[in-house]
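Residue numbers (my numbering), protein chains in the order written: chain P, 46 to 366; chain A, 141 to 639.
Derived from the structure by calculation, the hints contain no laboratory data. There may be inaccurate statements among the hints.
No more than 20 Å apart at the CA atoms, straight line, and that leaves these computed lysine to aspartate or glutamate pairs for EDC-like [unchecked claim]: (1) P:Lys248 to A:Glu143; (2) P:Lys190 to A:Asp483; (3) P:Lys245 to A:Asp451; (4) P:Lys171 to A:Asp451; (5) P:Lys313 to A:Asp514; (6) P:Lys248 to A:Asp483; (7) P:Lys67 to A:Asp541; (8) A:Lys304 to A:Glu143; (9) P:Lys245 to A:Asp466; (10) P:Lys232 to A:Glu143; (11) P:Lys232 to A:Asp514; (12) P:Lys245 to A:Asp541; (13) P:Lys248 to A:Asp466; (14) P:Lys245 to A:Asp481; (15) P:Lys67 to A:Asp536.
Sample of chain P residues lacking proximity to chain A, with all beta carbon distances greater than 10 Å (derived) [as the list claims (entries may be wrong)]: (16) Leu77; (17) Phe175; (18) Lys190; (19) Thr211; (20) Ile226; (21) Thr231; (22) Ala242; (23) Phe249; (24) Arg253; (25) Phe259; (26) Met333; (27) Gly335.
Covered by chain P, according to a simulated footprint, are these stretches of chain A (three or more residues, beta-carbon under 8 Å) [to be verified]: (28) 277-291; (29) 468-479; (30) 500-509.
Computed from a predicted model, the values in this text were never measured in an experiment. For every residue, glycine included, the Cβ atom is placed at its ideal position computed from N, Cα and C.
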Amino acid sequence: MAENTTAVSREEELKKLSTMSKIRSFLPLAGLIAVFIIFNVLTGGRMIKNMSLVMSQIYVTLIAATGVFFIMTMGGLDFSQGSIMGIASIVVCLVSKVNVPLAIVAGIAAGAGIGVINGFFYVNRKIKSFIVTICTMFLFRGIIKYLTSNAPIAGSAKLIMLNNDTLKLVCTLIVLVAGFIAFRFTKFGMHLRAIGAGEKAAKFAGIRTDRMKFLIYVLAGAITGFAAFINVIKVGSVTSSGGNQLETQILIALVLGGMPISGGAKAKFQNVVIGSLLYIVLSSGLTMLGLTTQTMQLIQGVVFLIFVAVFADRQSLQVIK
Amino acid sequence: MSEVRLQVQNLCKTFGITKAVQNVSFNINKGEVHALIGENGSGKSTLTNMLTGIYTIDSGHFILDGKEVHPKNQVEANDQGISIIVQELGTLSGLTVAENIFLGHEDRFVKFGIKNTGAMNRQAQELLNKYGFNRIRANAMVDDYNFEDRKLVEIVKATYFQPKIVVIDETTTALSQEGREELYKHMNRIRSEGNTVIFISHDLPEILRMSDTITILRDGVYIDTVKSADVNEDDLKRLMVGREVTGDYYRADYGEAVSDEVVMSVKNVTVPGLIKDINFELHKGEILGFGGLSESGMHEIGKACFGASFDRQGSVTLADGTQINDIPTAIAHSIAYTSKDRDNESVVMNQGIGDNICLPSLNTLKGAAGLLSDRKMRDFANKYAKEMSVKMVNTDQFVSDLSGGNKQKVVLARWIGKDSDILVLDSPTRGIDIKVKQDIYQLMDRMRKSGKSIIMISEELMELIGMCDRILIMKDGSINGELTRDPGLNENSLIAKMV
Chain P
46 MAENTTAVSR EEELKKLSTM SKIRSFLPLA GLIAVFIIFN VLTGGRMIKN MSLVMSQIYV
106 TLIAATGVFF IMTMGGLDFS QGSIMGIASI VVCLVSKVNV PLAIVAGIAA GAGIGVINGF
166 FYVNRKIKSF IVTICTMFLF RGIIKYLTSN APIAGSAKLI MLNNDTLKLV CTLIVLVAGF
226 IAFRFTKFGM HLRAIGAGEK AAKFAGIRTD RMKFLIYVLA GAITGFAAFI NVIKVGSVTS
286 SGGNQLETQI LIALVLGGMP ISGGAKAKFQ NVVIGSLLYI VLSSGLTMLG LTTQTMQLIQ
346 GVVFLIFVAV FADRQSLQVI K
Chain A
141 MSEVRLQVQN LCKTFGITKA VQNVSFNINK GEVHALIGEN GSGKSTLTNM LTGIYTIDSG
201 HFILDGKEVH PKNQVEANDQ GISIIVQELG TLSGLTVAEN IFLGHEDRFV KFGIKNTGAM
261 NRQAQELLNK YGFNRIRANA MVDDYNFEDR KLVEIVKATY FQPKIVVIDE TTTALSQEGR
321 EELYKHMNRI RSEGNTVIFI SHDLPEILRM SDTITILRDG VYIDTVKSAD VNEDDLKRLM
381 VGREVTGDYY RADYGEAVSD EVVMSVKNVT VPGLIKDINF ELHKGEILGF GGLSESGMHE
441 IGKACFGASF DRQGSVTLAD GTQINDIPTA IAHSIAYTSK DRDNESVVMN QGIGDNICLP
501 SLNTLKGAAG LLSDRKMRDF ANKYAKEMSV KMVNTDQFVS DLSGGNKQKV VLARWIGKDS
561 DILVLDSPTR GIDIKVKQDI YQLMDRMRKS GKSIIMISEE LMELIGMCDR ILIMKDGSIN
621 GELTRDPGLN ENSLIAKMV
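From just these sequences and the hints, can you work out the full model?
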């Protein structure tokens with residue numbers, strides 16, 4: 046008798062917990078809709094009218110966030126994304142004067158190259174990922190500043206002529222769909238989540254964890270290298286601040302989308318899409334209301350803190366790798 | 141009649157809506173070793189954690205020597221004469237041995253706001269010497285000592301001030317035979333001084349040997365208190381489980397011939413600092429046991445066979461000539477491994493039961509276009525979770541929610557699903573209650589009969605004797621003896637080779 050009652054109440058408790066986590070997983074989407082409506086009311090519908098302008102800012106974030114999403118699922122972080130974006134954009138601009146398709150490949154290669162450096166120090170030298178990537182962030186930001194010290198580096202005219210929403214949208218969709226399938230329906234995604242949820246156990250279940258961790262940093266670099274191409278056709282040239290703070294934007298976007306900071310099995314691919322949309326709506330909404338950059342950063346900071354406080358999974362929170 | 145030391149009165153504790161302890165009342169006497177037994181989740185540790193101030197009391201009272209005690213933390217509990225030795229590491233890394241011993245009681249060495257480290261070390265060393273642990277230095281960092289020695293430091297920490305009650309919570313599962321004997325000695329000393337030991341253990345023979353009185357809990361409810369002299373193991377099992385435990389506990393056969401077919405041969409395997417020059421062969425359908433002290437290197441044998449050892453020399457070769465040098469190769473060639481460190485090395489804690497079971501078998505769970513099929517994965521996970529009778533809500537439930545026994549079932553379900561032919565089981569029943577233990581023994585017996593080979597590494601000598609066709613005893617990193625299955629084997633014949 047007693048045995049049954051405790052078993053039943055335990056089950057009820059678990060069901061309650063899983064309902065709670067279900068509600069939590071809908072919060073970002075609800076937040077997106079709420080924020081979208083609020084800003085449309087506040088701006089008198091100006092946001093809807095300018096939707097294509099709003100959307101034009103999201104492509105780069107969305108593509109780059111896909112790679113970072115993989116890294117964070119695994120339990121790592123990448124602060125060098127902005128610098129990867131800057132370097133890869135410079136490479137795309139320079140090579141575009143020779144050949145545009147080659148420029149795309151070169152951008153990807155440049156991003157992957159920085160990913161190799163991150164991965165090497167993280168995996169082979171066993172340094173925490175956020176330390177490694179903060180170092181490479183400063184290192185490559187320095188190189189960007191050096192290369193652009195005389196004048197911004199501009200892409201070739203042929204490259205900039207490609208600037209149209211359809212191309213950018215198609216490229217973004219390709220990356221997202223490929224990322225989603227790989228994450229959700231292949232061994233790759235399963236292994237990523239397992240590493241995030243318990244690296245040592247994942248290793249003992251037969252996953253080559255070190256190889257995987259290295260490759261993910263290379264992949265994330267390559268994806269951002271590809272995003273650099275989209276970035277360049279939009280902005281045309283790279284200044285010393287090219288790609289600056291992309292890493293923070295991505296991090297905020299993913300966390301807004303409900304991504305658990307410690308990664309693991311609770312990471313969902315929808316975090317990338319909802320989070321990026323929420324971030325863009327929030328930041329362009331604030332701009333449309335005429336807020337200064339300083340105020341916007343303040344508000345972003347507050348919103349970020351609130352979301353981290355709500356979504357941090359304290360039970361499974363370990364040290365970020 | 142002996143005097144009552146502690147009265148437990150109408151004690152209750154709930155976690156959320158789970159009733160962990162329900163209206164429990166009983167008495168504990170002076171000068172006795174009082175065992176608390178019950179299956180996992182029966183409320184033993186919850187009860188003692190309330191007594192030692194780790195958990196708060198929902199309702200009810202502890203009356204110690206006629207006075208109600210209600211400690212808010214462990215230091216307060218110590219001041220009232222109650223201390224505890226816990227299952228896992230209870231010493232703090234980064235502090236010295238002396239600082240650990242006097243943790244929370246540093247005030248006695250403080251004058252004018254300055255701590256007299258010299259006096260503290262001197263007194264700690266005197267205590268260590270008095271206990272016979274002269275080789276442990278009071279001023280050394282506690283990190284310099286291994287698990288066993290740190291447990292000895294804990295014994296000193298918990299008993300030097302002559303507490304009225306010492307709680308020993310499943311400490312022995314983590315200790316080798318040698319460490320256990322040391323602990324038993326101090327339990328007897330505490331009793332002879334007229335004080336009380338509350339002893340929690342899953343090991344029933346140990347309970348019967350060491351305790352005077354036994355209180356049984358089941359699902360948070362008080363069942364009975366009995367004199368150890370009046371009961372046997374089967375009585376206790378029946379009281380714990382609430383029904384007759386039927387069938388044989390271990391396998392019953394003797395004298396069955398083991399096949400000559402060698403499935404794995406280990407040659408000259410050395411892992412620096414852990415094992416040296418290990419050679420043995422594993423036969424088809426054999427259960428090969430490894431026993432020894434926990435520092436004997438036997439746990440490394442399992443890792444070495446699974447390709448998981450760091451810097452291993454020598455060779456592990458399968459019947460078809462495959463060399464096992466890394467984990468993915470081992471798994472691909474049908475080797476399974478369950479670690480002693482279950483939470484870190486066996487189950488992926490923050491992941492669902494289903495994903496945990498499917499992880500090594502993903503290649504067989506693909507649907508159309510080579511993509512993983514959710515339906516196949518769910519069916520696969522359900523099938524093997526059911527086969528192992530994992531207690532769960534559904535396969536999405538996180539492994540971190542499960543009890544130790546259920547976690548082990550998830551790990552075993554994973555490898556049964558992979559249809560592994562060679563199973564390397566390191567401490568498969570560590571910290572697991574009787575019912576699940578019996579399930580695991582029966583599973584091993586079935587697997588053996590179906591031609592699978594098992595390496596069983598264990599610190600529990602009785603299960604080695606009960607389950608294995610052959611037992612290799614490890615000492616100081618080498619194999620120190622071999623024993624074959626025989627009804628005449630007893631613990632002493634193993635211990636003789638271990639020390």
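Results of checking the hints against the structure:
The hinted pair formed by lysine 248 of chain P and glutamate 143 of chain A fails the criterion: a straight-line CA distance of about 55 Å is larger than 20 Å. Annotation: proposed proximity of lysine 190 of chain P to aspartate 483 of chain A is violated, straight-line Cα distance about 48 Å (limit 20 Å). Simply put, lysine 245 of chain P and aspartate 451 of chain A have alpha-carbon atoms about 17 Å apart, close enough for the 20 Å limit, and the pair holds. Only pairs whose Cα atoms come within 20 Å are accepted, and lysine 171 of chain P paired with aspartate 451 of chain A is accepted, the gap being roughly 17 Å.
Among the hinted pairs, lysine 313 of chain P with aspartate 514 of chain A is consistent with the structure: their alpha-carbon atoms are about 15 Å apart, no more than 20 Å. Of the supplied pair hints, the one linking lysine 248 of chain P and aspartate 483 of chain A holds, its CA atoms being roughly 13 Å apart against a limit of 20 Å. Note on lysine 67 of chain P and aspartate 541 of chain A: the hinted pairing holds, with a Cα-Cα distance of about 17 Å set against a maximum of 20 Å. Straight-line distance between C-alpha atoms of lysine 304 of chain A and glutamate 143 of chain A comes to about 13 Å, which keeps the hinted pair within the 20 Å bound.
Proposed proximity of lysine 245 of chain P and aspartate 466 of chain A is supported: the alpha carbons are some 14 Å apart, at most 20 Å. As the CA atoms of lysine 232 of chain P and glutamate 143 of chain A are separated by approximately 64 Å, the hinted pair breaks the 20 Å bound. Annotation: proposed proximity of lysine 232 of chain P to aspartate 514 of chain A holds, straight-line Cα distance about 12 Å (limit 20 Å). Between lysine 245 of chain P and aspartate 541 of chain A, the direct Cα distance comes to roughly 19 Å. Compliance with the 20 Å bound is thereby established for this hinted pair.
Restraint check for lysine 248 of chain P and aspartate 466 of chain A: the C-alpha separation of about 10 Å stays at or below 20 Å, so the hint holds. For the suggested pair lysine 245 of chain P and aspartate 481 of chain A, the alpha carbons sit about 10 Å apart, so the restraint of at most 20 Å is met. Only pairs whose Cα atoms come within 20 Å are accepted, and lysine 67 of chain P paired with aspartate 536 of chain A is accepted, the gap being roughly 13 Å. Separation of leucine 77 of chain P from chain A is adequate, the least Cβ-Cβ distance of about 25 Å exceeding the 10 Å criterion.
Under the 10 Å C-beta cut-off, the non-interface status given to phenylalanine 175 of chain P relative to chain A holds; the minimum distance is some 20 Å. With a minimum CB-CB distance of about 41 Å to chain A, lysine 190 of chain P clears the 10 Å threshold, and the non-interface call stands. Every CB of chain A lies more than 10 Å from the CB of threonine 211 of chain P, the least distance being 27 Å, so the non-interface label holds. With a closest Cβ-Cβ approach of about 7 Å to chain A, isoleucine 226 of chain P is found to fall inside the 10 Å limit, against its non-interface label.
Chain A draws threonine 231 of chain P into its interface by the beta-carbon criterion, the shortest separation being 6 Å against a cut-off of 10 Å. Separation of alanine 242 of chain P from chain A is inadequate, the least Cβ-Cβ distance of about 4 Å not exceeding the 10 Å criterion. Not every C-beta of chain A lies more than 10 Å from that of phenylalanine 249 of chain P, the closest at about 5 Å, which undercuts listing it as non-interface. The beta carbon of arginine 253 of chain P is not kept farther than 10 Å from every beta carbon of chain A, the shortest such distance being approximately 6 Å.
The non-interface label for phenylalanine 259 of chain P is consistent with chain A: the shortest C-beta to C-beta separation is roughly 16 Å, beyond 10 Å. The claim that methionine 333 of chain P is not at the interface with chain A holds, since no C-beta of that chain comes within 10 Å of its own (minimum 40 Å). For glycine 335 of chain P, the requirement that its beta carbon stay farther than 10 Å from each beta carbon of chain A is met, with the minimum near 44 Å. Counting residues of the segment 277-291 of chain A whose CB lies closer than 8 Å to any CB of chain P gives 0, so the stated coverage by that chain is violated, three being the minimum.
Here the segment 468-479 of chain A counts 6 residues with a CB under 8 Å from a CB of chain P, which clears the bar of 3, and the coverage holds. Coverage of the segment 500-509 of chain A by chain P holds. Counting CB-CB distances below 8 Å, 3 residues qualify, and the rule asks for three or more.
The structure does not agree with the numbered hints 1, 2, 10, 20, 21, 22, 23, 24 and 28 stated previously, though it agrees with the rest.
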